[in-house]
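Participant: Chain by chain, the residues run as shown.
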Amino acid sequence: MRYHPHTPEDVRAMLDAIGVKSVAELFRSIPEPLRLARPLDLPPALDEISLLAELRRLAGRNDTRHPPFAGAGAYPHHVPPVVDQLLLRGELFTAYTPYQPEISQGTLQAIFEWQTFVALLTALDVSNASMYDGATATAEAALMAARITGRHEIVVSEAVHPEYRRVLATYLRAKHDALVTVPFGADGRTDLAALERAVGAATACVIVGYPNFFGIVDALPEAAAIARRAGALTVSVTAEAVALGLLQAPGALGADVAVGTFQSFGNPLSFGGPAPGFFATRDAYVRQMPGRICGATVDTQGRRGFVLTLSTREQHIRREKATSNICTNSGLCALAATIHLALLGRSGLADLARLNHGRARLLRDAMRRAGCDTVFPGPIFNEQVFDVGDAEAVVARLARRGIVAGAPLARWYPDAPRAKGALLCVATELHDPELVELFARETRRAP
Amino acid sequence: MTDPAGRKPSTERGDASAASADGATRGLVHEEPLLFEQGARGRTGASLPPAPAGLDPAQEIPAALLRPSLEGLPELSELEVVRHFTRLSTWNHGIDTGFYPLGSCTMKYNPRSSEALARLPGFADLHPLAPPELAQGALELMHQLERALSEIAGFDATTLAPAAGAHGELCGLMIVRAWHASRGNPRKKILVPDTAHGTNPASSALNGYAVVQLASGPDGRLTPEAVRAAMDEDVAAIMITNPNTLGIFEGHVAEIAAIVHARGGLVYGDGANMNALLGVARPGDMGFDVMQYNLHKTFATPHGGGGPGSGPVAVKAALAPFLPLPVVVKEGATYRLVTDARERPQTIGRLREFWGNFGMFVRAWALLREYGPEGVRATGELAVLNANYLRARLRDTFHLPYEADSLHEVVFDDQRQQASGVSTMDVAKALIDHGFHPPTIYFPLVVHGALMIEPTETESKETLDGFVAAMREIAERARTDPEALRAAPLLPFRGRLDETRAARKPVLRWRPGMKVE
Amino acid sequence: MEIPDELLYTRDHEWARRKGVHVVVGITDFAQDQLGDVVFVELPAVGDPVKKGESFGVVESTKAVSELFAPVSGKVVEVNDPLADAPETINEDPYEEGWLIVVEPADPGELDGLMDAKAYKTFVEEQD
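Same order as they appear, the protein sequences are chains C, W and L.
If you're matching positions, the first sequence starts at 1 in this note's numbering and goes up one per residue.
If you're matching positions, the second sequence starts at 1 in this note's numbering and goes up one per residue.
If you're matching positions, the third sequence starts at 1 in this note's numbering and goes up one per residue.
Calculated directly from the structure, the hints in this document are not laboratory data.
Do not rely on the hints blindly, as some may be mistaken.
Interface residues of chain L toward chain C, partial, derived using beta-carbon atoms under 8 Å [to be verified]:
(1) E60
(2) T62
(3) V65
Cβ atoms here follow ideal geometry from the backbone N, Cα and C, with glycine treated the same way.
Use the sequences and the hints to build the structure in full.
Facilitator: Listed below in structure tokens is the structure:
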């Protein structure tokens, strides 16, 4: 076994030093009846050549030849090879949480840079070191809002990602906080009149997607104004963070907390995980934030350095009174996003965002020519809902061509307008005009 | 930072005054400013096709919702970005750099074949909503990993959904709550030993449970008497880490489980220390009803300086209906994800978006396939051998607060060094100057000045001998020259950092003109 | 370690000083020393009620959180706001500049149950 360096002589010498006769003797503190008397029932060991072959076999049973037209919370984007090559620096990817700052300055400075990117893109003051994903970040934002306001009702737009809302419901159930869902209107945006009615003195926060699940740039400023009048916080949820290169930052539109995922930066789809959840808020709430936070300081010689700070919020110190139980987060995924954002930079991010928006409009034009119009008229970023007649049938048919066609809305919104035909599709820098045309053609074809 | 002409400092060192007080680059250790403190207007490391002509976003999106500028973002060439992160990496200690005996974190070698395999396009480029017929390989892998994890810990079913160990605890306790609720009363309390990780009480509280702390016995183990005294019909579960954070097997676990079960409670296993038991003993055979794994510990998925983790939860059959969604099912020769609660009416629901940290599943499965049953068992045995070897060779030098047998880790303290005014912190920092990552310090809380050492099975005898020599030398220095130890570490890129200052005047992000002095 | 004679003390290491009809509250030299560098204080607002023996705030070092327990029930009439920006004052001058709150006691007789300096000194020595 190449990962076990022990020779029989090593084992002998070590047992002698310990003063026992056998390895089995080291386990004498485990009562005999509790020991396993048989070999584990696992598949037999493989050498590296066989291992690679076996996992290539499994990978080969997944069809990824075309970039998917499904987004819905996981976005196909170009990851420059340099991102992954830097990520494989062993000093970075084989390190643990930076508990010893003197020998973790690389990780710590990178976290500080991540926090800065998140703060800049959301136009909020502070960010933490990352969350598990966008859905749990949303749930943690709701719990934080309840702590800050002392209120226990969470109001969420139905146009927020349905999986995020389900996770929110799971988290809130244990705490007995109430979840109120506000419908969306015919334009695909949150129904503001319904929101106005739902928000009141018990509301801890209002949660709005930005862009929302339908790809639409939702009415965040209006929703934030309604929340503010009621003394509630506003939480914006962004699953497609490339949009923040084009759209006004949530913090500039009234969001008090911005959450979501930066998967779109530097992180592959990987069947939905891992990806870096993000969490940003205003300075005033920093001590109520969940998760690790990195801060700048100086060393004994006055040189700038970084440490994990404000740790008294966390589970290892405050235990049952901690702001969250989160410990390990998505550090390496956040590093991937940080590297990608560094490469893109000011102009690259703006270009990427415009390119995505432009590709989505090419897709819309092609789909309209193919007889499939959009379901919602609201403004979009790079994702939109088309009426394709029978969405599940289109998904099944395109699957035979190796194309992931999109997310049929009826799976989550059986009562939505034109639900049967509604297919949520994304177009990014990976969907060139030829592929877009092919997709529209294939969608139109009668079964 | 940006001046009116739009120039940013463009020397390699950037703004030295911002980087450090005496920001000198020495030898091959480079000072490196923040991304935001270098570069020049107009640079980029991106290469993208042009946006389609004539499609201005302002035609569709209201002006108030368009971002006027992305000021503040860096402007760097690809080489500048490569140098930046390469330099940062050299300030870090990873497993690849050297020994990393961080107790309870199981810092073992991260196999490179696992890394290569997780990057296969068939895995990395797979969309979570791909129709199942396009994702059979991923689903088969998940199904096999679920079964293997159930077998290794002795349970009937496993969910891969939780994103990390603490998330797994939350999941497991939600299952506990749902099971009790289905029987009419969710109960109110969770029993947590004083040696537990802080995540245990925090996860309990997040689940709406009150925490009752149990004192461990004089030999470092939980006693049946303590559990019996605390156990009543309001207790939903006891959380036990086995072996515990002292590295000691909870020998009374079966009796304790019986006490808890007799009063209708459940037994939760924190699987953080599962490395000690691999192939040797199974929590499911000791009375545990539910347990979370930490794949980044036991199955060597890289921790990456803070995650991602993966915290699968294994349960006995009675709890299986409550598992979160999705669940992978095999129907004939094909696999499918159950995502609809109507198929699983008792499920606790969704715990995160999509299906779990799939990239970590690939890595863990690759390692398990290479190990096979013998390799899994050898892992547990050699992890315990290494810890006991360190214990035997260091116990004359450092005080051992608990005499009970150690499994995969050993906890010393600083009692013998206190006379010369040297603390565990000083020992830890001195180890850095010897090229080692310090052990976990000041945990578990029941040991004053704890030094918790977990070597793992992937370390050679020579590495352990080197560590022993360093620890002995430090102990000797503590007697002869304690002042020198208190100044450690002297050799890394930065000396001891002022954590008080960081917390009093938090600077949590870069802003133009940022100065930290 | 300093234990001023004129103050009264709790078993949770708060001190109380009579000031006219009011009571000034802080933490002792022993408490600040045990805690280490104070980095953050969370105090009630003027007008908030406090209850004897119950938590009215927290004081934090980088690695520990300590609850603050009221030596007397009543209403907060003054709060040491500058501590928010200079929490180190609690370490530097726990009995004067580092005071925390001023309480208007509901029942000044409650102070009678507290320790005097001599009793507190003995209590602290037993703690060590």
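Participant: Which constraints among the numbered hints does this structure fail? Numbers only, ascending.
Facilitator: none
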